[in-house]
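*Asks:* Protein chains in written order, with our numbering: chain A, 63 to 275; chain B, 28 to 336.
Hints are not guaranteed to be accurate.
Unchecked claim - Sample of chain B residues at the chain A side, in silico, Cβ under 7 Å:
(1) 151
(2) 152
(3) 251
(4) 254
(5) 258
(6) 287
(7) 297
(8) 300
(9) 322
(10) 330
For the record, the hints were derived by calculation from the structure and aren't laboratory data.
The model shown is predicted, which means the values in this text are computed figures rather than measured ones.
Beta carbons: idealized from backbone N, C-alpha and C, even for Gly.
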Amino acid sequence: MSQSELTREVARRVFASEFNDSTYAFKESDDERAPNYALLPTGDRANRVFVSGTLTETEDVGEESEYWRGRVVDPTGTFFVYAGQYQPEAASVLRETEPPAYVSIVGKPRTYETDDGTINVSLRPESISVVDDETRDRWVVETAERTLDRIEAFEEWESEQEAPESASTAPTNEYAQMAHEQYDSPVINYRNDVIQALESLETVGNDDAEATV
Amino acid sequence: MSDVRQHADDIHAQFSDHIDVDIEDVEERLTTLVDEYKVPMDEARRSVTNHYLEEAGLEREDISGGDSEAATIEDVDEPEEWIDLTAKVIELWDPRSDSVAQVGLLGDPTGTIKFTKWAKSELPALEEGGVYELRNVVTDEYQGRYSVKLNSTTVIEELDEDIEVGNDTSEVEGALVDMQRGSGLIKRCPEEDCTRVLQNGRCNEHGEVEGEFDLRIKAVVDDGIDAHEVIFDKDATEELTGLSLEEAKEMAMDALDTTIVADEIREDIVGTYYRIEGPTFGRYVLADDVEELGGPADPEELLIKARSM
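Assemble the whole structure, with the sequences as input and the hints as a guide.
*Replies:* Written out as structure tokens, the structure reads:
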């Protein structure tokens, strides 16, 4: 554990819609203990994420031992959070929290294949905390900002591809390249999710701001 | 608009000793470049300044210094300010892009700051450990962190003196995502000048000792780009949690277990946003000044950006 703490993985900010599309998982080396990454469609790798949203439902779906599933909703979709005996603290928060409640979760993306072959992405929590609406709103704005930064870098990379004469000085963006190869869904979709998320924060009476478009 | 006016003012002040420049004219030239041609402000400024230089038959050196002010590194708290720094090159890093000639860290008695020197500016090379007077550098900001850019108007003069580099204070803003082992109610070695944290009642240096209780938190604050390790000493921990050392001791005594204190604190702070300021010590930031962050900034600006992408 101490080894991995030396190069602690950053907790990426990602909305549920993009998180659930991050179905491609990979490692950077053959080492068995090398960290797993989910590939974000906007072109970054995520070993860990920080998310915030509304816990709307909890259910113990375990058979022999407790295995808690929580649904955590953000403005773009739903995170599916699973905590069992190896995440005792997170499991006890899911057991004891009465939905609906705002929560923040630090956790790791996990992919699994369903019987019909679809790949689902879920969140395995390291910690779950009950938070207030201000923390949740701050997360939405922060996540919007980080997502736009990724989209910007992706689009920059894309336009460099179309202008090969500048290739020698072009910024390399290996995760944009990987996302381009692995995913079909256009990056602009996530921009639309960002807009939707930010609009959901706008309070009534702020309508004149719309005119700035 | 007022921003353009400010820059126009600066340029006007630079030339007022030399030629008769109409401030409205300066402002109009800047506005045309910035609003119509979408040129970044520093480039627009450069272009307009060049125009007047040519008109007046002046060289850049004749006017430089007119608009930039002598500053110290801790003064840097705004992007796009033109300043003069006297600083030491602490470290040079490898540039990640061909457009950058040199990148690294500058220090003066008030702190440290990143600098970038553009390849196209064709400035002389800075050396690690060298002390320089850097006239007319421009400040920049990226996600709350400041840097200075050396540009083609910058004048570099090497000084034959050494300057002391001050304590590097950093500011970290982000979500507290983890509290690490060795947090909460701990015991330290009582030997003079030791203060090591005891592991199972033992000090690494002095063996088995009667420890003294202390409070501290080792946490990770993460902004989605970097994970920073932050240490809260007793005072900072008490302030952050509202839990005093005496109360923590009582709590542990009642539970016959010291770990209850860490559990209590974890529940309180993990998942919350903070802004933390303090000196850096190796890879740690020592929390001097801590502020819990409430609601977000106005999303309007981001919305405009998103809609225009």
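*Asks:* Does each hint fit the structure? Answer for all of them.
*Replies:* Going through the hints against the structure:
no. : hint : verdict
1   : 151  : violated, 23 Å
2   : 152  : violated, 21 Å
3   : 251  : holds, 4 Å
4   : 254  : holds, 5 Å
5   : 258  : violated, 14 Å
6   : 287  : violated, 14 Å
7   : 297  : holds, 5 Å
8   : 300  : holds, 5 Å
9   : 322  : holds, 4 Å
10  : 330  : holds, 5 Å
Hints 1, 2, 5, 6, counting from the list given before, are not met by this structure.
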